[in-house]
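A.B. asks: Residues per chain are reported as follows:
2 protein chains.
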Amino acid sequence: MTAVLAQITAKRYMLCMTVTAALIIIGNEILSGRTQDKNLAVIAVRLNGAGVRLTEVRVIPDVEDTIIATVTTCRAAFDYVFTTGGIGPTHDDITSQCVAAAFGVPLIRHLEAVAALTEHYKERGDLNEARLKMADVPEGATLVPNPVSAAPGYQIGNVFVMAGVPRIMEAMLSHILPQLKGDKPMQSVNLTTNIPEGTLADGLTEIQNRYKDVEIGSYPKFANGELSTTLVFSSVDDARNTAALAEAKALIAQLGGSIF
Amino acid sequence: MTAVLAQITAKRYMLCMTVTAALIIIGNEILSGRTQDKNLAVIAVRLNGAGVRLTEVRVIPDVEDTIIATVTTCRAAFDYVFTTGGIGPTHDDITSQCVAAAFGVPLIRHLEAVAALTEHYKERGDLNEARLKMADVPEGATLVPNPVSAAPGYQIGNVFVMAGVPRIMEAMLSHILPQLKGDKPMQSVNLTTNIPEGTLADGLTEIQNRYKDVEIGSYPKFANGELSTTLVFSSVDDARNTAALAEAKALIAQLGGSIF
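Going down the list, the sequences are from chains E and F.
Sequence positions in the first sequence follow our numbering and run 1 to 260.
Sequence positions in the second sequence follow our numbering and run 1 to 260.
Keep in mind that the hints were calculated from the coordinates and are not lab data.
Heads up, a few of these hints could be off.
Claimed, not checked - Straight-line distance between alpha carbons at most 27 Å, and here's what the computed DSS-like set of lysine-lysine pairs gives:
| # | chain 1 | residue 1 | chain 2 | residue 2 |
| --- | --- | --- | --- | --- |
| 1 | E | K181 | E | K212 |
| 2 | F | K221 | F | K181 |
| 3 | E | K38 | E | K181 |
| 4 | F | K38 | E | K38 |
| 5 | E | K38 | F | K221 |
| 6 | F | K38 | E | K221 |
| 7 | E | K221 | F | K184 |
| 8 | E | K221 | E | K249 |
| 9 | F | K38 | F | K212 |
| 10 | E | K38 | E | K249 |
| 11 | E | K38 | E | K212 |
| 12 | E | K184 | E | K212 |
| 13 | F | K184 | F | K221 |
| 14 | F | K249 | F | K221 |
| 15 | F | K221 | E | K122 |
Said to hold, decoys possible - Listing some non-contacts, in silico: residues in chain F with all C-beta distances to chain E over 12 Å:
| # | residue |
| --- | --- |
| 16 | A101 |
| 17 | V105 |
| 18 | L180 |
| 19 | A201 |
| 20 | L204 |
| 21 | P220 |
| 22 | D237 |
Claimed, not checked - Derived contacts from chain E toward chain F, CB cut-off under 8 Å, selection only:
| # | residue |
| --- | --- |
| 23 | T18 |
| 24 | L40 |
| 25 | V45 |
| 26 | T90 |
| 27 | D92 |
| 28 | D126 |
| 29 | A130 |
| 30 | R131 |
| 31 | L143 |
| 32 | L191 |
| 33 | Q208 |
| 34 | G217 |
Even for Gly, the Cβ is constructed at its ideal location relative to N, Cα and C.
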């Protein structure tokens, strides 16, 4: 009875944290392996700081049907959706028309965005129609400013559309974060030991069973011919993480291992 | 009439290439931003070499329902599916039970895998029940050997289950690649210019319209305060890439730009 209650409490505790987000990375260059994505980890860490948990990432190509279907699925399944990529001036930048289609609204030229682009390109005098395409957003969208190169991102419903260039993405994310309604951030502590994870496994399962509100991850690593294991303890309550970590330290000591 | 025919030919040409694959990266450590995935780009490049195109990537947490649903969706939607992560000995390694559930088959202890693990742990003498869990695979699976640490990957239907540790994943992939039925690999050529992509956009759209069988990607970059654009031309036919690239060079020359 007590165990069942504890489980239910633990489950509710975890659920109460879970304000979820999906990230959709749009771009053939990532899928081809030519470019290594640098945005995922930054977005994950900064969302967590705002109490929003990155729950799924999809990397998809610059293909209209795929983008529309993925945005449609994700905006129904997650509290927030973030996209990166495909909002530039060239023919392969098709994110905005797809997001508009996913919301069933037309793409409109946003006057504030036109003003921002006009100001940005004033000196060079080369604001052409291709660049003005970057002022086209789904009807009803709210702009997210781009302090680097003017072409804005935007929010429509629970979807935030951002640039793929990391520096611009980060500026847009900084603008977005204060608007999100998150819960408590996940906290985490970790340790690395020389005990292989197969030897730790049974004891670790027992600790996990006693700390159902703490996510315990075990990650093996080979380096310089040596095997090591990193254990990560994550929950919204740092005291619980620390308590679980202390039990893992005791387990490692009992197995005659050392902690790096 | 000729234009329509050319379009149809181009479309069929592209379709004939498309042996598709999805990659499912399973692991809280990637979604939390703690660990940067290193497998995506390697898998993309090596699959392409075998004529298989990585068409979608999903990063999902160590959550049973999510893994089962994602494997089920992807194995129906793509020619091949690859998973990385979650096949170790600890409580958070739940990939195999989920893949078995997605295929509606039981998890069985594979005798060849037991033999490989027994041999590997013979000297250290620490083959325990947790490690033997790594010999459990969905019924009907064919093993993929692990020359690094013995615990195998496997194939079931069109799904290949691999380790997350890059060195082990790469060894498993090397074993899998000769078995895949691919088509022609995508070839690509690229150039980088000082002309911003907004200035190139109109001319580039015209080139793309003339080369519908070539995927033309445009990627802006800021470095040392300078803006540059990399153009990537990809198709199964290198002669077509080179021809499209030559037109882009002419466009850049006409705009007074230089190529790095």
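A.B. asks: Now tell me, hint by hint, if it's right for this structure.
C.D. replies: Hint check results:
no., hint, in the structure
1, K181/E to K212/E, "25 Å, holds"
2, K221/F to K181/F, "36 Å, violated"
3, K38/E to K181/E, "25 Å, holds"
4, K38/F to K38/E, "11 Å, holds"
5, K38/E to K221/F, "14 Å, holds"
6, K38/F to K221/E, "14 Å, holds"
7, K221/E to K184/F, "36 Å, violated"
8, K221/E to K249/E, "19 Å, holds"
9, K38/F to K212/F, "32 Å, violated"
10, K38/E to K249/E, "34 Å, violated"
11, K38/E to K212/E, "32 Å, violated"
12, K184/E to K212/E, "17 Å, holds"
13, K184/F to K221/F, "30 Å, violated"
14, K249/F to K221/F, "18 Å, holds"
15, K221/F to K122/E, "21 Å, holds"
16, A101, "19 Å, holds"
17, V105, "25 Å, holds"
18, L180, "16 Å, holds"
19, A201, "3 Å, violated"
20, L204, "6 Å, violated"
21, P220, "6 Å, violated"
22, D237, "16 Å, holds"
23, T18, "11 Å, violated"
24, L40, "7 Å, holds"
25, V45, "4 Å, holds"
26, T90, "4 Å, holds"
27, D92, "6 Å, holds"
28, D126, "6 Å, holds"
29, A130, "3 Å, holds"
30, R131, "4 Å, holds"
31, L143, "19 Å, violated"
32, L191, "14 Å, violated"
33, Q208, "5 Å, holds"
34, G217, "6 Å, holds"
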